[in-house]
Amino acid sequence: MDLLAHLPALQVVVPMLSAPLIVLLQPRGLAWAGATAVAVLSFAIAVALAIAVLDGQTLEYAMGGWPAPYGIALSVDAFSALVLLVITGAAAAALLAAKPSIDQQIEVERQPLFYSAWLLVLSGLVGIVVSADAFNIFVFMEISSLASYILIAGGPDRRALPAVFKYLMMGTIGATFYLIGVGLIYMMTGTLNLADMETRIGDVTDINPILVAAGFITIGLALKAAVFPLHVWVPNAYTHAPHMVTVFLAACATKVALYVLIRFDYMVFQATLDAHEIQFAMFMMPLAILGILIASAVAMFEGHLKRLLASSSIAQIGYILLGVSFVSIAGLSASAMHIFNHALAKGGLFLAVACLAYQYRDLRLDQLGGASTRMPWTCAAFVVCGLSLIGVPGTAGFISKWMLINAALETGPWGWGLVAIILISSLMAVVYIWRIIEALYFQAPIEGDVPMSEAPLQLLLVTGLVALMNIYFGLFPHVPLELANSAAALLLEGSR
Amino acid sequence: MNFLELLGYFNYWVFAIILTVGLYAVINKTNLIKKLIGLSIFQSAVFLMYITMDKVEGGTAPIIQKGVEDQIFSNPLPQVLILTAIVVGVSTLSLGLAMVVRISECYGTIEENEILDAD
Amino acid sequence: MTPETAILVAIGIPLVGALAIALAGRISPNLREAATAVTSISLIWVVWGLLPILMDGGRPSIEVSQVMPGLSIAFTVEPLGMLFAALASGLWLINSIYSVGYMRGNKEQNQTRFFACFALALSATIGVAFAGNLFTLFLFYELLTLSTYPLVAHKGDAATVRSARIYLGVLLSTSIGLFLPAIIWTYTVAGTGDFTTGGILAGKLNDPEIGLLLGLFVFGVGKAAVMPVHKWLPAAMVAPTPVSALLHAVAVVKAGVFTITKIIVYIFGIDFLFEASSSQWLLYAAAFTIITASLVALRQTNIKRLLAYSTIAQLSYVVMAAAILKPLAEVGAAIHMVAHAFGKITLFFAAGAIYVASKKTEIHQLRGIGRRMPWTMAAFTIGALSMIGVPPTGGFVSKWYILAGAFEANNLVAVFTIIASTVLNAAYFLPILYMVWFEREKEGGKEHGEAPFLAVLALCLTALLTLAFFLFNGPVIELESQVVQGLG
Chain U
1 MDLLAHLPAL
11 QVVVPMLSAP
21 LIVLLQPRGL
31 AWAGATAVAV
41 LSFAIAVALA
51 IAVLDGQTLE
61 YAMGGWPAPY
71 GIALSVDAFS
81 ALVLLVITGA
91 AAAALLAAKP
101 SIDQQIEVER
111 QPLFYSAWLL
121 VLSGLVGIVV
131 SADAFNIFVF
141 MEISSLASYI
151 LIAGGPDRRA
161 LPAVFKYLMM
171 GTIGATFYLI
181 GVGLIYMMTG
191 TLNLADMETR
201 IGDVTDINPI
211 LVAAGFITIG
221 LALKAAVFPL
231 HVWVPNAYTH
241 APHMVTVFLA
251 ACATKVALYV
261 LIRFDYMVFQ
271 ATLDAHEIQF
281 AMFMMPLAIL
291 GILIASAVAM
301 FEGHLKRLLA
311 SSSIAQIGYI
321 LLGVSFVSIA
331 GLSASAMHIF
341 NHALAKGGLF
351 LAVACLAYQY
361 RDLRLDQLGG
371 ASTRMPWTCA
381 AFVVCGLSLI
391 GVPGTAGFIS
401 KWMLINAALE
411 TGPWGWGLVA
421 IILISSLMAV
431 VYIWRIIEAL
441 YFQAPIEGDV
451 PMSEAPLQLL
461 LVTGLVALMN
471 IYFGLFPHVP
481 LELANSAAAL
491 LLEGSR
Chain P
1001 MNFLELLGYF
1011 NYWVFAIILT
1021 VGLYAVINKT
1031 NLIKKLIGLS
1041 IFQSAVFLMY
1051 ITMDKVEGGT
1061 APIIQKGVED
1071 QIFSNPLPQV
1081 LILTAIVVGV
1091 STLSLGLAMV
1101 VRISECYGTI
1111 EENEILDAD
Chain X
2001 MTPETAILVA
2011 IGIPLVGALA
2021 IALAGRISPN
2031 LREAATAVTS
2041 ISLIWVVWGL
2051 LPILMDGGRP
2061 SIEVSQVMPG
2071 LSIAFTVEPL
2081 GMLFAALASG
2091 LWLINSIYSV
2101 GYMRGNKEQN
2111 QTRFFACFAL
2121 ALSATIGVAF
2131 AGNLFTLFLF
2141 YELLTLSTYP
2151 LVAHKGDAAT
2161 VRSARIYLGV
2171 LLSTSIGLFL
2181 PAIIWTYTVA
2191 GTGDFTTGGI
2201 LAGKLNDPEI
2211 GLLLGLFVFG
2221 VGKAAVMPVH
2231 KWLPAAMVAP
2241 TPVSALLHAV
2251 AVVKAGVFTI
2261 TKIIVYIFGI
2271 DFLFEASSSQ
2281 WLLYAAAFTI
2291 ITASLVALRQ
2301 TNIKRLLAYS
2311 TIAQLSYVVM
2321 AAAILKPLAE
2331 VGAAIHMVAH
2341 AFGKITLFFA
2351 AGAIYVASKK
2361 TEIHQLRGIG
2371 RRMPWTMAAF
2381 TIGALSMIGV
2391 PPTGGFVSKW
2401 YILAGAFEAN
2411 NLVAVFTIIA
2421 STVLNAAYFL
2431 PILYMVWFER
2441 EKEGGKEHGE
2451 APFLAVLALC
2461 LTALLTLAFF
2471 LFNGPVIELE
2481 SQVVQGLG
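Quick mapping for you: the protein sequence lines, in order, are chains U, P and X.
Position 252 of the first sequence, counting from 1, maps to 252 under the working numbering, and the rest follow consecutively.
Converting from the second sequence to the working numbering requires adding 1000 to each position, the first position being numbered 1.
Converting from the third sequence to the working numbering requires adding 2000 to each position, the first position being numbered 1.
Bound-form chain U, shown alone (with noise of 0.2 Å):
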C-alpha cells in the first residue's frame, strides 16, 4: 500500500532525478539505455496509476506532508492517468526504437546531454499533469518546455534553430500569460490549489479578474497547445526536430496544454462563472472548427512529408477542442478517448518517418518513390497508422470520431452541420494520406548510389508494435474507454 501512496510523487521524481545522472553515463550506448530504463519504468508507474484510478477513485499526495491548501498537492484522477499513460507511452516507445535514429543524427559526445534533456521533458510533463496546483503546473510547464526546446534544436537540422526561437518566444508569451492569471486568481481567492480555487471563486464578489484570469490562462494555454490560430509554431517546429522528438512531442507535448486548460476550464471556472459559457460555444468551437478545416486544407498542399503530418496534427487538436467545447459527458470522453487515439496514431506515423529518414535522406513526397518496394514493412506500417488517422472503422481512429459524431448530434438541431464538418475533415484526410501512400508505391522509384533497404529491426519492430495497437484499440478499447468515460464524468460532476 506504502508504495501505491507514493506513487504520483514518484512518477515525477523518478525521470527528475535520473536525467542528471544520464550525463555521467558517457559510454557509447548506456546513456541511451539508462533513458530507455526510467522511460519504461515510468510508464510502468503510470500504468499502476491508471489500474489503482479506474474505478473512480482518486489518489491525493501532499508533497513533504503539508497538507493542502497549505502545501503542494498532486493529485491523480482518470483523466490524469489517461494522459499520463499516453505521456509515458510515448516516451518509452520512441526511446525503445531511438538509437538507429538519434546515433544517425546526433554526435555521440553530446548523446548523455540529449537524453538527459528527454527525461526533463518527460519529468516536466508528468508534472504538469499530476499537479493539483495552478504555480506548480506553471514550473512544470516550463521546464518541460525549455528543455524540449534542447531537444528539438538538438538536431542536424540548421532550420531547427530559428523554428527553436519562435516556439521559445511564443511558449514563453503563453506561460507568462497563464502566471498573469493564476496572479490574478489568487488575488481574488488566496489560494493557488485547484481544489481550493474551485470553491473560493464562488464566495467572490468582484468577479471581473476571474473573467480575466480565465481569459489570460485560456489564450496561454492555447499558445502551448496550438490552437488556432496560434499553432504557426509548430509545423516548423515538428519538421525539423530530430525524427524520434517528433514522435514524442507530436503524440504528447500539446495535449498536456490541453489537459490544463480543460482542467482550469471545468474544475475551476465552468461550476462558478456563468458568462463561461459563451468561452466554450463562441470561442472554442469556432476557433476548433476554423483548425479542422483549414488545418487539413493546409495538409492536402503540403509537399513535405513531416510537415503534412504536423498540419494534420493541428487539425487533430481542433477535434479534441471541439468535442471540450460541447460541455457534455459525450464530448469530453471523446476528446479523452482522441487524446489517446491520436497519440496511438500520430506517434505511429512519424515512427514510421523516422524509418524512412533512416534511407530517405530528403522527406519531400516527390522524393520518396519506391519506397514501397524497399521498405515494405515501413510502408504497411505507415498505411495501418494512416488510416486510423482517417478513422477507418477497425482501428483506434475511428472509435474516437463515432464518439465525437455522437456527441455532435447531441448538441441539437446543428449537430448535423458538425457531423458535416467532421465528415468533410475525415474526406480531407483521406486525401493527404492517399497523396502519401501514392508517393510511396506508386511513384518511380529515385536512383541512389546506396542500395536502400529496410530501416534497422529496433526501429521497426517498434512502429509495427504500434501500428498493431492501433488496430487492437480499434476492436477492444475497453481500457482507454472507461478512463475516458470516468475523465469525463469527474470533470463534469465537478461542475454541477
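No lab work stands behind these hints: they were computed from the structure.
Think of the CB as a built atom: it goes at the ideal place given N, C-alpha and C, for glycine as much as any other residue.
One should not assume that every hint holds.
Here are the computed lysine-lysine pairs in the DSS-like style, where the Cα-Cα straight-line distance is at most 27 Å [claimed, not checked]:
| id | chain 1 | residue 1 | chain 2 | residue 2 |
| --- | --- | --- | --- | --- |
| 1 | U | Lys166 | P | Lys1034 |
| 2 | U | Lys166 | P | Lys1029 |
| 3 | X | Lys2360 | X | Lys2231 |
| 4 | P | Lys1055 | P | Lys1066 |
| 5 | X | Lys2360 | X | Lys2107 |
Okay, the calculated bits of chain U under chain X, using three or more residues with CB under 8 Å as the criterion [claimed, not checked]:
| id | stretch |
| --- | --- |
| 6 | 394 to 408 |
| 7 | 427 to 436 |
Given chain U, put chains P and X in place with the hints provided.
Using the frame of chain U, we list chains P and X on its own:
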C-alpha cells in the same frame, strides 16, 4: 470610481504599459536579441504585478524577528512565487541567448528576415 | 465444427490463405496457385456446409467483441447473406482457375500480390455477407474497398493510378460522407444496429425522415452504383479482367446491392417502408439508373466499359426490385443477384480471354472472331442472352420474378422500365453477337486462336451455370422465400 481612485491602481497601469512595451518589442523587432530583450521586459511586468499585489500597507519584509511583537508582514507567498518565476525567466533568457549564438554561427546573421530568406 | 465457429472460420480462411499465398509466392508460382486453390476449396466447404442449417430455418449467430456499449462486432447468417457468401465463395474457385490462365497468358507482374489481395478481398466479402449489425457491415464494407484498391491499381502506371484514385475517392467519400451518418442516425434513433426481421425503425421516425435516411443509405452504399455515385465502376475497369470479373461482377457490386437489400428488409422493414410515402423515390432513382445506364452502354466502344454500364443497369434491377416492396419482388431481387453474377462473370471472362488471345479491347475489332474463338464466344453469347433475359438462361428466371412482383404491386413504372431496358439490352448485345458470328473478319488482322485452356475452362463452367440456373433454381427460391415469410 473617480479619477483619483483610478490613479490609485497605478501599479496595474505600470504593469499593463510595461507588458505592452515588451510584447511590442517581441513582435515588431526583427533582431533576435531585441526580441529577447522584449521578452525579458514582458516577463518583468508580470513580476511587478505579483510583487505589488502582495504589499500590505505598513508591512515589512516577512522575516520573524526575535523579541518584536505585533509585526505586520507583506505576503511572502507571491514573493516566493516570483523568485521561482525569475529563475525560470533567467533560464529562458540564457537558453534564448544560446540559441542566438548558434543561429549566428549557422546563418551568419541575427536578423529574422535575413534568416527566413536564407532557407 | 459448430455453425458459430464456422462463421469465424469462414472469415479467417481467406485471411490465412492470403498469408500462405504471399509466402508460397516466394517459393514457386505453382505452389502459390495451389495455395489459392486449397484456400478457396476450404472456403467453399465451410460456407456451403452452413447451407443445410439455413434451409431448415436455422440462423446461427455469434458476437465477437463489444467495442463500445451498444456497438459490437457480431455475425448472423440469414438467407440473403448465405446466398451472397455461397455465390462469392463458389465463384472464387472458378475465378482462380481463370486468373491463373489469364495472368500467365498475359505475363503479368506482381502476381503474388494479386492473389494475396484477392484472398483478403474475399475475406472482407464473407464478412459483409455474414454481418449481424450495421457496424460490422460497415467495418467489412470499408475493408472490402481498401483490399480491392491494390487490385484495381495493379498495373501501376499513371493512368491506372488516376482511375484507381477515382475508384477509391468515390467509394470512400460516399461511405464516410453518407453511409456513416446514416448508420449513426440509425443507432441514435433505434438504439441498436442489429439486423432484425421486420426492421428496427418502426415508430421511431416520421415520414420525411424515412426518405432522407433511405437516401443517405442508398447513395452512401456507393458499391451499388445507383446514379450518380456510379462513376467508380467504369473507372475500375482499368483492373485486370479477373478483378473486374469476380469483384466488379460478383463481390464488390453484389456487396453493394446486398447491403441495400439487407437494410431495406432488416433495418427498415418491408411493410414499414411500404407505408411511408417518402420512400417511393427509390424506385424512380433505380429506374432512372437502369434506363440511363443502358442508353450510355449503347454508345460504348470499349468492351469492358460496355459491360461496366450494363452492370450498373443490372444492379439497379436489384435495387428497383427491392424497392417494389412486395414479397415476390424481394425474392426476384435475391435471385437476380445470382443470375446476374453468373451471366456477367461469363461475359467478363470472355472479354479477358479475347484480350489475352488477341490484345483486342474494342467492340468493332470483334468482327468474325467467333470463328477463331468458338468456345469463348459461345459462352459470351449465353452471357449476353442472360442479360437480355431470354430463356433458357438464368436471367429469364429473375426477370420473371421481378415482373411478377411489379405486377402484384401494380407498379407500372417498374413494368415499363423492365420492358424498356430489355429492349435496350437487346439493342446493344444483339448487334455484337451478329458481328461476332456472322460477319467477315477484317483483312490484315493478327492470327490468333483460342484463349489459354484454363481461361476457357472457367468461362465454360460459368456459362453452364447460367444455363443450369434456369433449370435448377428451386433451392435458391426456397431459401430466399424464408426472408419474406409472413409478409405481404
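Okay, the hints, checked on the actual structure:
no., hint, verdict
1, U:Lys166 to P:Lys1034, "holds (13 Å)"
2, U:Lys166 to P:Lys1029, "holds (13 Å)"
3, X:Lys2360 to X:Lys2231, "holds (24 Å)"
4, P:Lys1055 to P:Lys1066, "holds (22 Å)"
5, X:Lys2360 to X:Lys2107, "holds (16 Å)"
6, 394 to 408, "holds (count 6)"
7, 427 to 436, "holds (count 3)"
In the structure shown, no violation is registered for any of the earlier numbered hints.
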